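Visitor: This is what each chain is made of:
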Amino acid sequence: MDPALLLDPALLWKFCLAGLAVGSIYAIVAIGFNIIYNTTGIINFAQGEFVVLGAMTAISLAGHMPLAAAVALAVLATMLAGALIEIVFIRWLKDASVLRLVIITIGVSILMREGMLHAWDEKMHALPHFSGTETSSIAILGASCPPQYLWVFGTLAVIVAGLSLFFKLTVTGRAMRACAANRTAARLCGINAKAMVTLSFMLSAGIGALAGCVTSPITQTQYDMGAPLAIKGFTVAIVGGLGNSVAAVGAGLLVGVLESLSVMIGCSTYQDGVAVAILMAILVCKPSGLFGSAEAAALKEF
Amino acid sequence: MLRVLNLEAGYGNLRVLKGVSMHVSPGEIVALIGANGAGKTTLLGAIAGVVRATDGEIAFDGRTIRNAPAEKIVSLGCALVPEGRQIFAPLSVQENLMLGAYARRGREGRAAAHARLEEVRGLFGVLGERQRQLAGTLSGGEQQMLAIGRALMSAPRCIMMDEPSMGIAPKVVKEIFGAVVRLRGKGLTVLLVEQNAKAALAIADRGYVLEAGRIVIEGSARDLLDNRDVQRAYLGKEYRRIDE
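The listed protein sequences derive, respectively, from chains A and B.
For the first sequence, my numbering assigns the number 557 to the initial residue and increments by one for each residue that follows.
For the second sequence, my numbering assigns the number 5 to the initial residue and increments by one for each residue that follows.
FYI, nobody ran anything at the bench for these hints, they're computed from the structure.
Values in this document were obtained by computation on a predicted structure and should not be read as measured data.
Note that CB positions come from ideal geometry on N, CA and C, so glycine has one too.
Keep in mind that the hints are not guaranteed to be accurate.
Claimed, not checked - Computed, partial: chain B to chain A, Cβ under 8 angstroms:
hint, residue
1, A52
2, N71
3, A74
4, L84
5, P86
6, Q90
7, A93
8, R109
9, S158
Claimed, not checked - Think about it this way: if two alpha-carbon atoms lie no more than 25 angstroms apart in a straight line, the pair counts; the simulated SDA-like pairs of lysine to any residue are:
hint, chain 1, residue 1, chain 2, residue 2
10, A, K650, B, P73
11, A, K750, B, Q137
12, B, K76, A, T726
13, B, K76, A, A652
14, A, K650, B, L127
15, A, K724, B, Q137
16, A, K750, A, L649
To be verified - Here are some, though not all, of the chain B residues that point toward chain A, as calculated from beta-carbon distances under 8 angstroms:
hint, residue
17, Y15
18, V54
19, V55
20, P94
21, E99
22, L103
23, G104
24, Y106
25, A107
26, R154
Chain A extracted, bound-state conformation (with noise of 0.2 angstroms):
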């Protein structure tokens, strides 16, 4: 395809629309990194295969029972799989430097992706759509679109004012708030740290899972998607301001639509050097990310 094509307001529109859906993804991939990162400091490179894991449980559990259970139980089983790597990997280390924890992130993460190429396969796999077909689409401002993406927006949204409700108004939010603002601190007040950041680790898998479960019938699953998934969710994350999840969203949505719109003008071999492309950019020229301040970055120790 060739750029004239930009000027065409329904295509436009219809590749923005599946821009807004990838990036839908990518937001909640980064939010889940946001999660941990506030109250550890470390970068959780797993996440992507907590994504992977929800959506292979789902799929496999969804031959047995209603989809809406499969989902529930996968995101249950994702929740607990994240209490446990962070109680065995995380845990008990003592006084471990953040760059030593995000490097057992890394070992963790190719650990699960092998362990569910022997769990599975290498195949590719697919939940079915929420409601409706395969084929069966709605239009969404004049562009056709499946109904997944209807389920992928609302997913973002239930999981952002979820999560807002959660951290301002449960006293357990607000001790994890708490923990990642001055954890000694915290410690003083009687909040059991430990216990927060176990709980953090098993928030960020409950929320990458269901990422996966929502998304598998459109781009569906593969034993290995977490990697390139964990590297545009962290994109993203740069790109909003790290530890800021609003502010993922917008970066998470901006990421999706310039891929897709890449993908319009005819680059789609491209597609995955934009989102790099933007993170180098907002790295050398905005390391504390779009909406992020200069002033809370320079407290971070990443």
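Given chain A, put chain B in place with the hints provided.
Guide: Same frame as chain A, but now just chain B:
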């Protein structure tokens, strides 16, 4: 109420406390004074469970708490107002205070926590006026009041304060020390660490002087105020003049 025996503690290979023994009786205000680097903050940290003690004994209410987790110690009723305030800057004043009551969750209802919140606001009125403000936007003195208020929300029987006067206007220091005296009047036990030895000894019953990880002088606040060495080293009075 609080008893420390031959305590040794430090960071890594660095030994900061070299056999510290001291005690605080119920209802007392005890001042711990000493120069920078003497180990005052380490001592409070070790009692509160955020610094590892390598040897010795710490007992609170007769039960040993050495190297118990910090969250356990505060729930036993021994709270620390840490050096440099350490408030939760991105959280509101109200959220900071309510998190102070975290140690008592499950043991009391909302009503009890809110009653204590009112008491804290009675003590430091400004915390009530600014309850919705982010804690990081408060002035230094207000942050110190918030840090003390947060510790009080855990309903402690013993409160330890690390340099509450640091970097705060003299007028506000007076207000905070006044509050400390009123808290003692309500039966609270206070262990006060201060560089501002004069102000601390003025409200204290007893005092200890910590030097290079050891207690070198102890006695009633009056005795310490009259002690020549204390006067020279910590009260800024030079009695022996050169021409004497």
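Visitor: Is the hint on B/A74 kept, meaning its closest Cβ partner in chain A is under 8 angstroms away?
Guide: 4 angstroms, holds
Visitor: Verify the interface restraint on B/V55: the C-beta must sit less than 8 angstroms from at least one C-beta of chain A.
Guide: 10 angstroms, violated
Visitor: A closest beta-carbon separation below 8 angstroms is what the hint needs, so does B/Q90 meet it against chain A?
Guide: 4 angstroms, holds
Visitor: Can you verify the interface hint for B/G104: is its Cβ closer than 8 angstroms to any Cβ in chain A?
Guide: 6 angstroms, holds
Visitor: Let me know if the C-beta of B/E99 comes in closer than 8 angstroms to any C-beta of chain A, holds or violated.
Guide: With a minimum Cβ separation of about 6 angstroms from chain A (threshold 8 angstroms), the hint on B/E99 holds.
Visitor: Next item in the hint list is B/P94. Is there a CB on chain A closer than 8 angstroms to its CB?
Guide: 5 angstroms, holds
Visitor: Tell me if B/A107 is really an interface residue toward chain A, meaning its C-beta lies closer than 8 angstroms to one of theirs.
Guide: 3 angstroms, holds
Visitor: Please verify that hint: B/R109, Cβ, nearest Cβ of chain A, below 8 angstroms or not.
Guide: 6 angstroms, holds
Visitor: Are the Cα atoms of A/K724 and B/Q137 separated by 25 angstroms or less?
Guide: Judged against 25 angstroms, a Cα distance of about 14 angstroms means the pair holds.
Visitor: Does B/L84 pass the interface check with chain A, least Cβ-Cβ distance below 8 angstroms?
Guide: 5 angstroms, holds
Visitor: Is it true that the CA of A/K750 sits at most 25 angstroms from the CA of B/Q137?
Guide: Violated, at about 28 angstroms.
Visitor: Next item in the hint list is B/A93. Is there a CB on chain A closer than 8 angstroms to its CB?
Guide: 6 angstroms, holds
In terms of the numbered hints stated before, the structure departs from hints 2, 11, 14, 17, 19, listed from lowest to highest.
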